[in-house]
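Chains as they are written, first to last, in our numbering: chain A, 626 to 736; chain B, 2 to 139.
Because the hints were derived from the structure by calculation, they are not lab data.
Note that the structure is a prediction, hence the values are computed from the model and not measured.
You may find that some hints are simply not true.
Some residues of chain B that are not near chain A, with every Cβ distance over 10 Å (derived) [claimed, not checked]:
{"id": "1", "residue": "K9"}
{"id": "2", "residue": "A11"}
{"id": "3", "residue": "E15"}
{"id": "4", "residue": "T26"}
{"id": "5", "residue": "F33"}
{"id": "6", "residue": "P39"}
{"id": "7", "residue": "A56"}
{"id": "8", "residue": "F86"}
{"id": "9", "residue": "Q98"}
{"id": "10", "residue": "S101"}
{"id": "11", "residue": "G109"}
{"id": "12", "residue": "D119"}
{"id": "13", "residue": "Y122"}
{"id": "14", "residue": "D126"}
{"id": "15", "residue": "K128"}
{"id": "16", "residue": "T132"}
No more than 20 Å apart at the CA atoms, straight line, and that leaves these computed lysine to aspartate or glutamate pairs for DMTMM-like [said to hold, decoys possible]:
{"id": "17", "chain 1": "A", "residue 1": "K694", "chain 2": "B", "residue 2": "D119"}
{"id": "18", "chain 1": "B", "residue 1": "K114", "chain 2": "B", "residue 2": "E78"}
{"id": "19", "chain 1": "A", "residue 1": "K676", "chain 2": "B", "residue 2": "D71"}
{"id": "20", "chain 1": "B", "residue 1": "K115", "chain 2": "A", "residue 2": "E728"}
{"id": "21", "chain 1": "B", "residue 1": "K37", "chain 2": "B", "residue 2": "D71"}
To spell it out: a stretch of chain A is covered by chain B in this simulated footprint if at least three of its residues, at any positions, have a beta carbon under 8 Å from a beta carbon of chain B; those stretches are [claimed, not checked]:
{"id": "22", "stretch": "637-648"}
{"id": "23", "stretch": "663-669"}
{"id": "24", "stretch": "672-682"}
{"id": "25", "stretch": "722-736"}
Note that CB positions come from ideal geometry on N, CA and C, so glycine has one too.
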Amino acid sequence: MEINTRKKDNVLVISLKGRLDAVTAPDFDKKLESLLSEGENALIINFSELKYISSAGLRSILASAKQLKANGGRMLLAELRGPVKEVFEISGFYSIFQIFESEADALNQMI
Amino acid sequence: MNFVSEIKLAAKLENLEMLIQSVTTCAREQGFSDNKLPVIELAVEEAFVNICKYAYHYGEGAVEIRCKLDDDRFIIEIIDWGMPFDITSLPDPDITQDISERKIGGLGVFFIKKMSDDIRYRREDNKNILTLVINSAK
Chain A
626 MEINTRKKDN VLVISLKGRL DAVTAPDFDK KLESLLSEGE NALIINFSEL
676 KYISSAGLRS ILASAKQLKA NGGRMLLAEL RGPVKEVFEI SGFYSIFQIF
726 ESEADALNQM I
Chain B
2 MNFVSEIKLA AKLENLEMLI QSVTTCAREQ GFSDNKLPVI ELAVEEAFVN
52 ICKYAYHYGE GAVEIRCKLD DDRFIIEIID WGMPFDITSL PDPDITQDIS
102 ERKIGGLGVF FIKKMSDDIR YRREDNKNIL TLVINSAK
C-alpha cells in the first residue's frame, strides 16, 4: 500500500493506494499516529485509488477519528469507490463519518 | 465432490497474501467473475486473521483452506487445530453507534457473516471447521 500526504492550507490530505488489510494496516496506524502527534488536526483521507479494505483498515481509521474528535480535530473521507464503499456501508461506517464525493467537496467543507 | 484447491500454511499474518491469491485463483478458475472476488477476499481475510490472532494461544499452528464449486455455490472450508471457537455463535456489533461510542473491533466476524450466503461451524477431531458458502450471483 502507498500512503501519500500533501498539505492544502491547514488541511492534510492523505491519499491511499492499493490494499488496506491486516498486513498493511499497522503501517497506516504508525503514519496516522505520527501525523497526529505532529499536531495535524484537520485530515481528509482520499480513497480513490484504494482497491480493498478490511476490518483492520476500518479499525485504524476509527481509532484516529476517535483521537481527533477527543482533541477537537476533524477527519473527512472522500472518493470512496466499489468494494471499499461497500465495506463502509455494510459496517455502518458510511453513516458515522462525513463522506464526500470529491476531495474538493471535502476541502470546501473543511474551510 | 472433491475440493479442487487446498493450501495449508502457518497461521501467520505474513501468509495472508499467499492465501488470498490461492483462494481467488481457485474462484477465478471455477468461473467466478472478478467483481465477486472482493467478497471472497474479505471473508477469507477476516477468518484467517481471527485464527492468527486467537486460535493458538500457546504457540504456533496451521491453517488449511480448501475450495470447490458446488453448482453455483463456491464452498470454502477453513480449518484450524486451535481452541474451540464458533464464530456463528457471536452476536453482531451495534453498527449504529457514533464515532465516540463505537467500539474498535468486532467487525471481522460480522464481515465473514455478511459476505457469506451460508455459514456453518463444526468441531471435529480437535479441529475447528468453518464452511463459508458464497453464491456466484448475488
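Open item on the list: Can you tell me if the stretch 722-736 of chain A counts as covered by chain B, using C-beta to C-beta distances under 8 Å and a minimum of three residues?
Closed with: That given contact is violated, which follows from only 1 residues of the stretch 722-736 of chain A lying within Cβ reach (below 8 Å) of chain B.
Task: Three-residue Cβ test at 8 Å for the coverage of the stretch 663-669 of chain A by chain B - done: violated (count 0)
Open item on the list: Does E78 (chain B) sit within 20 Å of K114 (chain B), going by the straight-line distance between their CA atoms?
Closed with: 14 Å, holds
Open item on the list: Please verify that the nearest CB of chain A lies beyond 10 Å from A11 (chain B)'s CB.
Closed with: About 14 Å separates A11 (chain B) from the closest Cβ of chain A, which puts it past 10 Å; holds.
Task: Status of K128 (chain B), Cβ more than 10 Å from any chain A Cβ - done: Since the minimum Cβ distance to chain A is about 23 Å, K128 (chain B) lies beyond 10 Å and the statement holds.
Task: Distal placement of T26 (chain B) relative to chain A, Cβ over 10 Å - done: Given a closest Cβ separation of 16 Å, the condition holds.
Open item on the list: Closer than 8 Å Cβ to Cβ for three or more residues is the test here. Does the stretch 637-648 of chain A pass it with chain B?
Closed with: holds (count 3)
Open item on the list: Please check whether the beta-carbon of D126 (chain B) is more than 10 Å away from every beta-carbon in chain A.
Closed with: 28 Å, holds
Open item on the list: Checking one constraint from the list: CA of K676 (chain A) to CA of D71 (chain B), max 20 Å. Satisfied?
Closed with: 29 Å, violated
Open item on the list: At 10 Å, judged by beta carbons, does K9 (chain B) keep clear of chain A as stated?
Closed with: 19 Å, holds
Task: Consistency of the no-contact label for G109 (chain B), given chain A and a CB cut of 10 Å - done: The assertion about G109 (chain B) is violated, with a minimum of 4 Å to chain A.
TODO: Verify the proposed pairing of K694 (chain A) with D119 (chain B), using a straight-line Cα cut of 20 Å.
DONE: Answer violated: K694 (chain A) to D119 (chain B) is near 38 Å, above 20 Å.
Checked against the numbered hints above, the structure violates hints 3, 6, 9, 10, 11, 17, 19, 20, 23, 25; every other hint is satisfied.
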